[in-house]
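Each chain, written out:
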Amino acid sequence: AQKITQTQPGMFVQEKEAVTLDCTYDTSDPSYGLFWYKQPSSGEMIFLIYQGSYDQQNATEGRYSLNFQKARKSANLVISASHLGDSAMYFCAMREFYGNEKLTFGTGTRLTIIP
Amino acid sequence: NAGVTQTPKFQVLKTGQSMTLQCAQDMNHNSMYWYRQDPGMGLRLIYYSASEGTTDKGEVPNGYNVSRLNKREFSLRLESAAPSQTSVYFCASSERAAGYNEQFFGPGTRLTVL
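Protein chains in written order, with the numbering used here: chain A, -7 to 107; chain B, 333 to 446.
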């Protein structure tokens, strides 16, 4: 069974600092994908970054990078140089590639950037 | 290019009433999904449609039915609403069913059942 764990219900970070949001996962499928989504207070889900289980390098998208440690089954999101607009809920999600359409989400981390 | 649209944005129902949530996408995606989001929880999959003409149950299908009307539209029906169905409902779509593909989400429908 799939499972995503986000152990930080809330985080407060000073503006311009880097922040790491934790995500661990559990799956027996060798082929899977890991996603991070941002949900601002307006409610929409915004895709941030993706990491495939066979990708050799950590994914990066602008200020977002994914610290993928396959042996530890962790996929932490790193946001560099945070700004006020980064305040939002952040969800980690996983999808197995074969025979399962389910995108399983963690419970999220509420990030608040302090000016 | 509107992406994924959902109607209505807000709805209040009384217990036992029925309603249909509408979802449409204009990205020519094959797969469509319905999720619900409850406070303190991530999104949970209700139903999905890997392609036009097919639907399958997700994690929490009880109390819901779906219809994949055509490639663009995927509706979610509550036949007899219950307070436990108070939630925010998201529709999503993706290009293909298997492998990597980003899911694009609609803006959500906030449903309250009294």
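Hint data in this document are derived by calculation from the structure and do not stem from the laboratory. Quick caveat: nothing in here was measured; it's all calculated off a predicted structure. Don't be surprised by glycine CBs; every beta carbon is placed ideally from N, CA and C. It is possible that part of the hints are untrue.
Said to hold, decoys possible - Example chain A residues on the side facing chain B (calculated, C-beta under 8 Å, incomplete):
1) P32
2) E36
3) L40
4) Y46
5) G54
6) Y56
7) F60
8) A63
9) K94
10) L95
11) F97
12) T99
Consistency of the hints with the structure:
no.: 1; hint: P32; result: violated, 12 Å
no.: 2; hint: E36; result: holds, 5 Å
no.: 3; hint: L40; result: violated, 10 Å
no.: 4; hint: Y46; result: violated, 10 Å
no.: 5; hint: G54; result: violated, 16 Å
no.: 6; hint: Y56; result: violated, 14 Å
no.: 7; hint: F60; result: violated, 14 Å
no.: 8; hint: A63; result: violated, 21 Å
no.: 9; hint: K94; result: holds, 5 Å
no.: 10; hint: L95; result: holds, 6 Å
no.: 11; hint: F97; result: holds, 3 Å
no.: 12; hint: T99; result: holds, 5 Å
Checked against the numbered hints listed earlier, the structure breaks hints 1, 3, 4, 5, 6, 7 and 8; every other hint is satisfied.
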